[in-house]
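Chain by chain, the residues run as shown.
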Amino acid sequence: MTDHLVRDAGERAPLYRPHVSRLWWVHRRSYRLFVLRELSSVFVAWFVVFLLLFLRAVGQDDAAYQRFLDWAANPFVIAVNVVALAFVLLHAVTWFNLAPQAMVVRLRGRRIPPRMIMLSQYAAWVAVSAVVAWLLVGR
Amino acid sequence: MARRIKPTERPVEPLLWLLFSGGGVAAALFAPILLFLLGVAIPLGWIDPPGHADVLALARNPLTRLVVFGVCVLSLAHWAHRFRYTLYDGLQLKHSLINLACYGGALLGSALAAVVLLML
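Going down the list, the sequences are from chains X and L. Each residue of the first sequence is one higher than the one before, starting from 0 at the first, in numbering that gives the first Met the number 0. Each residue of the second sequence is one higher than the one before, starting from 0 at the first, in numbering that gives the first Met the number 0.
Listed next, the stretches of chain L that the computed footprint assigns to chain X, with coverage defined by at least 3 CB atoms under 8 angstroms from CB atoms of chain X: (1) 21-32; (2) 36-43; (3) 46-58; (4) 105-116.
Simulated DEER-style distance windows between Cβ atoms: (5) L/P13 <-> X/A126: 24 to 32 angstroms; (6) L/G21 <-> X/Y121: 13 to 21 angstroms; (7) X/A126 <-> L/R59: 21 to 29 angstroms; (8) L/L119 <-> X/L38: 27 to 35 angstroms; (9) X/L22 <-> L/G50: 48 to 56 angstroms; (10) X/M117 <-> L/E12: 22 to 30 angstroms; (11) L/N98 <-> X/V125: 34 to 42 angstroms; (12) X/R105 <-> L/G104: 35 to 43 angstroms; (13) L/F68 <-> X/S20: 37 to 45 angstroms.
Don't read these hints as lab results, they were simulated from the structure. Backbone N, C-alpha and C define an ideal beta-carbon position, used for all residues, glycine too.
For reference, chain X alone in the conformation it holds in the complex (with noise of 0.2 angstroms):
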């Protein structure tokens, strides 16, 4: 022991690592939805796709708008959809329930509660989601 200690004088430490499996969060349910959670990202990126595809289709005509409507009814397509919505919900409300933890506003010296912030993001979340339904099927 002492021996250990005399050879290790004047060198720094090694950094510890310890090794981790692949598979570390298959074993709890906690774990998996934290992956869940952060697997939505895709989703996030597929919905870019999604939305600059529909965009390229409406700027080149009417012919090609109609292309994109019938690809988009695909049962596959609508399945990845689906599976798309869910993991974006999962992400917007695990996302705005987190935010008030991640942030802290003060008024006047007094902090606003994390419920009203909570509380602030869904209003945003209805009123935006109401805006772009009026502006693209509404009117």
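We have chain X already, so just place chain L on it with the hints.
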């Protein structure tokens, strides 16, 4: 010998976290309604699709283009940063190519979004 990481060594990291947060908010606000309408409700016939002229006029509005561009760029940055850590921590894949693919992919996607929006 282990090298001590100085706080100034990766000045880009705070910016990445800022983009990640902004993208998290943008995606949470816009992705559910747009995927529901364009990906589920209209394809299943629950709602009639908007006419081509209407949707083209909406898409060409400068404010729409600005908002859509912002949502696309931030959402892609959010994906890049989060997916990088999903691979790093979730699957224990630690490779510099992952950074290149994630952030490079987000930059490429942002450029494509700009092209699509400018060609409307």
